[in-house]
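J.: Residue numbers (the working numbering), protein chains in the order written: chain R, 390 to 615; chain B, 390 to 615.
Errors might be hidden in some of the hints.
Which copy is meant is left open, so a pair is good if it fits within one copy or across any two.
[To be verified] In silico SDA-like links for lysine to any residue, alpha-carbon gap of 20 Å or less:
1) Lys490 <-> Thr501
2) Lys490 <-> Arg529
3) Lys490 <-> Cys431
4) Lys581 <-> Ala551
5) Lys581 <-> Ala528
6) Lys490 <-> Gln513
7) Lys581 <-> Leu569
8) Lys490 <-> Trp424
9) Lys490 <-> Ile430
10) Lys490 <-> Phe422
11) Lys543 <-> Pro435
12) Lys490 <-> Pro435
13) Lys531 <-> Ala436
14) Lys581 <-> Gly413
15) Lys490 <-> Pro426
Worth flagging that the hints you see were computed from the coordinates, not collected in a lab.
So the chains spell out like this:
Protein chains: 2
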Amino acid sequence: MASLIHFSLDPFCRRVRLALGEYGSSADLIEEFPWDPSHDICALNPAGTLPIYVATSAAVICGVDAVNEYLEETTAGAKLLPGSAEARAEARRLVSWFDDKFYGEVSGPLLTEKITRRFLTSAQGGGGPEMHRIRLATARIKPHLDYISQLADKGGWLAGEALSLADLAAAAHLSAIDYLGDIPWADYPLVKSWYQRLKSRPSFRPLLSDAVRGLPPSPHYANLDF
Amino acid sequence: MASLIHFSLDPFCRRVRLALGEYGSSADLIEEFPWDPSHDICALNPAGTLPIYVATSAAVICGVDAVNEYLEETTAGAKLLPGSAEARAEARRLVSWFDDKFYGEVSGPLLTEKITRRFLTSAQGGGGPEMHRIRLATARIKPHLDYISQLADKGGWLAGEALSLADLAAAAHLSAIDYLGDIPWADYPLVKSWYQRLKSRPSFRPLLSDAVRGLPPSPHYANLDF
Numbered sequence: 390m391a392s393l394i395h396f397s398l399d400p401f402c403r404r405v406r407l408a409l410g411e412y413g414s415s416a417d418l419i420e421e422f423p424w425d426p427s428h429d430i431c432a433l434n435p436a437g438t439l440p441i442y443v444a445t446s447a448a449v450i451c452g453v454d455a456v457n458e459y460l461e462e463t464t465a466g467a468k469l470l471p472g473s474a475e476a477r478a479e480a481r482r483l484v485s486w487f488d489d490k491f492y493g494e495v496s497g498p499l500l501t502e503k504i505t506r507r508f509l510t511s512a513q514g515g516g517g518p519e520m521h522r523i524r525l526a527t528a529r530i531k532p533h534l535d536y537i538s539q540l541a542d543k544g545g546w547l548a549g550e551a552l553s554l555a556d557l558a559a560a561a562h563l564s565a566i567d568y569l570g571d572i573p574w575a576d577y578p579l580v581k582s583w584y585q586r587l588k589s590r591p592s593f594r595p596l597l598s599d600a601v602r603g604l605p606p607s608p609h610y611a612n613l614d615f
Numbered sequence: 390m391a392s393l394i395h396f397s398l399d400p401f402c403r404r405v406r407l408a409l410g411e412y413g414s415s416a417d418l419i420e421e422f423p424w425d426p427s428h429d430i431c432a433l434n435p436a437g438t439l440p441i442y443v444a445t446s447a448a449v450i451c452g453v454d455a456v457n458e459y460l461e462e463t464t465a466g467a468k469l470l471p472g473s474a475e476a477r478a479e480a481r482r483l484v485s486w487f488d489d490k491f492y493g494e495v496s497g498p499l500l501t502e503k504i505t506r507r508f509l510t511s512a513q514g515g516g517g518p519e520m521h522r523i524r525l526a527t528a529r530i531k532p533h534l535d536y537i538s539q540l541a542d543k544g545g546w547l548a549g550e551a552l553s554l555a556d557l558a559a560a561a562h563l564s565a566i567d568y569l570g571d572i573p574w575a576d577y578p579l580v581k582s583w584y585q586r587l588k589s590r591p592s593f594r595p596l597l598s599d600a601v602r603g604l605p606p607s608p609h610y611a612n613l614d615f
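Chain R on its own, in the form it takes in the complex (with noise of 0.2 Å):
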């Protein structure tokens, strides 16, 4: 059976984790904490980087793009990027804006504050989160809502009439930090409605159940009535 090293509340992780759901496809789950991997990820992947997936031959596929692109051309029946180049292209555009704008921006620093730096040591860089970067990162988050929100007003998916990458990354984005709740749901009610949609998906259903130790998720993170 194929396996995915992952960490659960890690984005690309997660974009992964929904691809296979989608996918109708299986892997067992090895968790690793990123920052104190129990086993040497670096011997599978030089760049000490999660996610890795161990294809069912044995081929090791590493960092989520190659291995997104590798689920797609590799499995029977898989579309979760569109038939033509021009929408493909599009798909990966909006992938682009989550896993680099967005995670820049917003939910890698809400992660790196709220999350890592409890489990480092202070040498590492551990302590208390840092206020200012998490004040900053929450009011960024806005603009963002706000593009989502024009995109979803299509009636669609955020990249067109079908599912694609570009709403698993926005999904595995904003899960993660809907975790720590820190979306406010209320004043996106678009957002909300496609974000309802996934989260009924029965890709969805693993990351709902997902915990971190000592930290637990927002009250109303599984509930697909939030």
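Start from chain R and add chain B according to the hints.
T.: Just chain B now, with coordinates in the frame of chain R:
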């Protein structure tokens, strides 16, 4: 004719230019300073980032990965990604090594401190370079050059027998900081020999005549024998 909106020393834009050269495709180059674009690039790419490729069909493709995958999918005879899914995953892993890890640790800080900050107002964070960031980035280049040596030692290209996007990504980042004179070539003969093979390809030539106003390239930048 297609056009490419780019900044000459941006490694991501450089990768697209190298790919166009390898495909034998041409595009009108429109240079913009990412920190102060003269046109409304946000109207084309809401993220406001470069590169932006406008195809002859007028399709607008934004972001380096979307552009490179689009070109690979739509250019007759394109083969900057290898034939098997596993080999493509290896090329994409290495692209991410350079675009995420190398850029985060080395080329991003060096280009920001030595170039971008010269052009920003003090309110935008401009001014003299932060020397501790330059020292840190300069120290962190060494393990990367060791890793490239190891990959190049197999005699082929970085991701295998054939030239791929992995080589272009690596060369895009290295060439941008070579402009600044920041690579200790003499200590890394295997990297130098691999880079020399790339640098002598016709696709590389346009990059060697780039010049940023007020900041001439390092003396050896354009020399094939450096």
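J.: For each hint, tell me whether it holds in the structure or not.
T.: Hints versus structure:
In the homo-oligomer, the alpha carbons of Lys490 and Thr501 lie at most 20 Å apart both inside one protomer (16 Å) and across protomers (17 Å), since each shortest distance falls under that limit. Within a single copy, Lys490 and Arg529 get their C-alpha atoms as close as 11 Å, which meets the 20 Å cut-off; across copies the closest is 24 Å, which misses it. Taking the closest pair of Cα atoms, Lys490 and Cys431 come within 20 Å of each other only across two copies (14 Å); inside a single copy the shortest separation is 27 Å, beyond that limit. When the C-alpha separation of Lys581 and Ala551 is checked against a cutoff of 20 Å, the pair qualifies only within one copy, where the shortest distance is 18 Å, while the shortest distance between copies is 47 Å.
With identical chains, the CA atoms of Lys581 and Ala528 are at most 20 Å apart within one copy only, with a shortest distance of 18 Å there and 46 Å across copies. Within a single copy, Lys490 and Gln513 get their C-alpha atoms only as close as 25 Å, which misses the 20 Å cut-off; across copies the closest is 19 Å, which meets it. In this assembly of identical chains, the alpha carbons of Lys581 and Leu569 lie at most 20 Å apart only when taken from the same copy (16 Å versus 47 Å across copies). Taking the closest pair of Cα atoms, Lys490 and Trp424 come within 20 Å of each other only across two copies (16 Å); inside a single copy the shortest separation is 22 Å, beyond that limit.
Proximity of Lys490 to Ile430 under the C-alpha cut-off of 20 Å is restricted to the inter-copy arrangement: shortest distance 16 Å between copies versus 27 Å within a copy. With identical chains, the CA atoms of Lys490 and Phe422 are at most 20 Å apart between copies only, with a shortest distance of 19 Å across copies and 24 Å within one. In this assembly of identical chains, Lys543 and Pro435 lie within 20 Å of each other by CA distance solely across copies; the values are 17 Å between and 42 Å within a copy. Within a single copy, Lys490 and Pro435 get their C-alpha atoms only as close as 25 Å, which misses the 20 Å cut-off; across copies the closest is 11 Å, which meets it.
Within a single copy, Lys531 and Ala436 get their C-alpha atoms only as close as 32 Å, which misses the 20 Å cut-off; across copies the closest is 15 Å, which meets it. Neither within a single protomer nor between protomers do Lys581 and Gly413 lie at most 20 Å apart by alpha-carbon distance, with minima of 25 Å and 46 Å respectively. For the homomeric pair Lys490 and Pro426, the shortest alpha-carbon distance between copies (18 Å) is at most 20 Å, but the shortest distance inside one copy (27 Å) is not.
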